[in-house]
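These are the residues of each chain, in order.
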Amino acid sequence: MHVAIVEDDPVIAKAVATAIREAGHECTWVPDGETAVRQNTLLSNDVVILDVMLPKMSGLEVLSAARDAGVKTPVILLTALGTVTDKLSGFRSGADDYLVKPFAIDELLARIQAIHRRTSNKPTMEIEAGPLQLSLATKRLSLDGRTIDLTPTEFSILELLMRFNGQVVTRKMLCEHVWAFDWDGPTNVIEVHINRLRGKLDKEREDSYIQTIRGRGYALAID
Amino acid sequence: MPWPSIDVPLLRRIPWGSLRVRLTLLNSAAVLLAMLILLFAVRVGVRTALFNATEQTLLGEVREVAMSLEEYYPSSGSFVASRDLLVAELRRKAESHRDRSWFLQLLENNQDGTTTVWASDNCPEEILTEPIDEAVKEKVKRAARHRWARKLIDTIGGQKLYVRIGMPDVVIEKEVDNLTWFLLPIGIGFTLLTPLAGYWLALRATQPIAGILKTAGKLKPTKLGDRLMTRGTNDELDQLSATINRLLDQVARHVERQQQFVADAAHELRGPLAAMQNSLEVATSKNRSLDSYQGTIEEALGETRHLTKLANDLLLLAEVGNSLGSVFNEECDLGEVARQTAAMFGGTAEERSIEFTIHTSGEATVRGDERQLRQVISNLVDNALRFTPDGGRIALAVESNQAAHEAIVTVTDSGRGVEPEHLDRVFDRFFQANAARDRSDIKRGGGLGLSICRSIVERHGGRISIDSPGVGLGATVAVIVPLRLVRRKPL
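Chains as they are written, first to last, in this note's numbering: chain W, 50 to 272; chain X, 31 to 521.
These are calculated hints, taken from the structure and not from any lab test. Please note: incorrect hints may appear among the correct ones.
[Claimed, not checked] In silico EDC-like cross-links for lysine to aspartate or glutamate, where the CA-CA straight-line distance does not exceed 20 angstroms:
(1) Lys-136/W with Glu-203/X
(2) Lys-171/X with Glu-203/X
(3) Lys-188/W with Glu-175/W
(4) Lys-136/W with Glu-400/X
(5) Lys-339/X with Glu-71/W
(6) Lys-136/W with Glu-349/X
(7) Lys-221/W with Glu-400/X
(8) Lys-136/W with Glu-360/X
(9) Lys-221/W with Glu-328/X
[To be verified] Residues of chain W clear of chain X, computed beta-carbon distances all greater than 12 angstroms:
(10) Gln-88
(11) Phe-140
(12) Ala-163
(13) Glu-253
Backbone N, C-alpha and C define an ideal beta-carbon position, used for all residues, glycine too.
Please build the complete structure, drawing on both the sequences and the hints.
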């Protein structure tokens, strides 16, 4: 996948580009809005990460211009402005997703993948990861053919982890997915459910399918 | 044609916009108008009264003349002789009332017409020949700016004898004019005096305002110590001063709180920044093991997360504060929000053997932002969880009080409780009772959770309060938000 990041802050741009490349994609850095328009960045990439506050030409202007020209490339807006009004104006300009700075790199990576999948593939009713098989239609999990009973919360958590198999999923992403609320208060409301999931999945194993990545979140690591 | 512009330097120097000048002008105009009306009314009243009195006098006079004829007639024995006596009396009367221009006439009426027996020399021609209406025996008439009384005094052998006594209006008019000339200087005196008195009154009335202006002019956002003087009269101006003083108290308190908030925020920002700076400085000061670097980086990452949470909370506070007074279009069922919140925290509570109950009764739908209200209930439950020991109890309840038109959300825990002296401060920004310095301590939140709750609740037109029976005895936080308005069906 070709990803472009239009961002004037070189430190953020470098970190994001490195993370994207290490996730196995290609990434180009465009330092400002004018260059993005001149180089047709939105036309020549699969996903574009666009900062809103750019010198010379704002990200929203770049986006509106491209959408007016019929370019449908998925765009994730990055901004330090996080009010509901700001988000609405971003979506009105044609953004597919919206991420408020500071954000977790893992979340950005997950969103890039989700947005790419949404625009390129049809939604699946079955998710597989190694011996795990999750049916979204019947809400059932089978491990090596055995059915395992999950609570709706556990099912929802595992669904997200399996969708992003091999990637770090943050607590905030999980909260938003499970309870439709981006809780980031002191109480870790996810951990207890992760522990129960582990209890159900890892009965005959020494290490766990679900790894805790300290300070970042959780990841499923199944080849 | 354009109006010629009048430019009088003195007029330009008068501050027409000032309250004092306007009060003076209004006052003068009102007094002048009242005076003119009064003078006019007095003049008309006096004139009417004088004319009426005069007419009564004239009528009295003719009656008197008639009576004296009756007196003369028997004593003189003949009509002609008594008539002469009568003429003599009329002559005397004319003479004594000459200065008031009285005129008198004695006349006879028979089938041949009217003939004047005798008339005073000042009797006007048109009245001398005025025909007599025989049907009326006595009457008062006015014509040709004169008025007179006429009476039939005797009838002898088909001869009718009449007397007329009258006077010109001009005599009365002159007296009214005299009165006018007497009142006019008084009026002019008032006219001159009124603006001066008005100006003096306006000066007295506006003097406290000048004081208010002077004090208020000296106030600055950095110097809000001064207060307006009140004179203890409790009049409107005193009330104004008191109101402004109360406003100043509030502003001063607000500014003080704001300054405290900025200081606290800076302090909270400095902590993680210092931690990051120092650990990174030390890490890069010499070559270290990979593990050591990794440890430092993870610590730094932890600090950035703390800073992010802080920035998000501060922005949320600002956002909620800025939208104060805005109207909500959406409705939100607090019972549903409570159930969602309970679902989110239920697992954690269970893990820690905390008995977490939720109770909802009645319809508690309010107008508001669902995300923000969910933030409130989540923050409260999170708080309760952090301060309640394993095995404790937390009760979340949503009720509606239809009579008071309010939804009530309460979160009761069996946790640490709050010291009585801290009860009114727990909603202050960055207030932490016995706060642990360790930022990774789970008990230490961002310090903004409860003030965010208060801001959001107040934005929804509600109020929040905390009650605790004492340290170690738990606490109850109550949130009260007005219910949505339901349009009643017409009966």
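Hint check results:
1. Distance check on the hinted pair: Lys-136/W and Glu-203/X sit about 90 angstroms apart at the alpha-carbon level, beyond 20 angstroms; violated.
2. Straight-line distance between C-alpha atoms of Lys-171/X and Glu-203/X comes to about 17 angstroms, which keeps the hinted pair within the 20 angstroms bound.
3. A distance of roughly 10 angstroms separates the Cα atoms of Lys-188/W and Glu-175/W; the hinted pair therefore holds under the 20 angstroms criterion.
4. A C-alpha spacing of about 17 angstroms is found between Lys-136/W and Glu-400/X, which places the hinted pair at or below 20 angstroms, so the restraint holds.
5. A threshold of 20 angstroms between alpha carbons decides the hint, and for Lys-339/X with Glu-71/W the separation of about 27 angstroms lies outside it, so the pair is violated.
6. Restraint check: the Cα-Cα separation between Lys-136/W and Glu-349/X comes to about 13 angstroms, which is no more than 20 angstroms; the hinted pair holds.
7. Simply put, Lys-221/W and Glu-400/X have alpha-carbon atoms about 18 angstroms apart, close enough for the 20 angstroms limit, and the pair holds.
8. Among the hinted pairs, Lys-136/W with Glu-360/X is consistent with the structure: their alpha-carbon atoms are about 18 angstroms apart, no more than 20 angstroms.
9. For the suggested pair Lys-221/W and Glu-328/X, the alpha carbons sit about 19 angstroms apart, so the restraint of at most 20 angstroms is met.
10. The non-interface label for Gln-88/W is consistent with chain X: the shortest C-beta to C-beta separation is roughly 32 angstroms, beyond 12 angstroms.
11. No beta-carbon of chain X is positioned within 12 angstroms of the beta-carbon of Phe-140/W; the least distance is around 16 angstroms.
12. Every CB of chain X is more than 12 angstroms from the CB of Ala-163/W (nearest about 21 angstroms), matching its label as outside the interface.
13. Distance to chain X confirms Glu-253/W as a non-interface residue, since its nearest Cβ pair spans about 24 angstroms, more than 12 angstroms.
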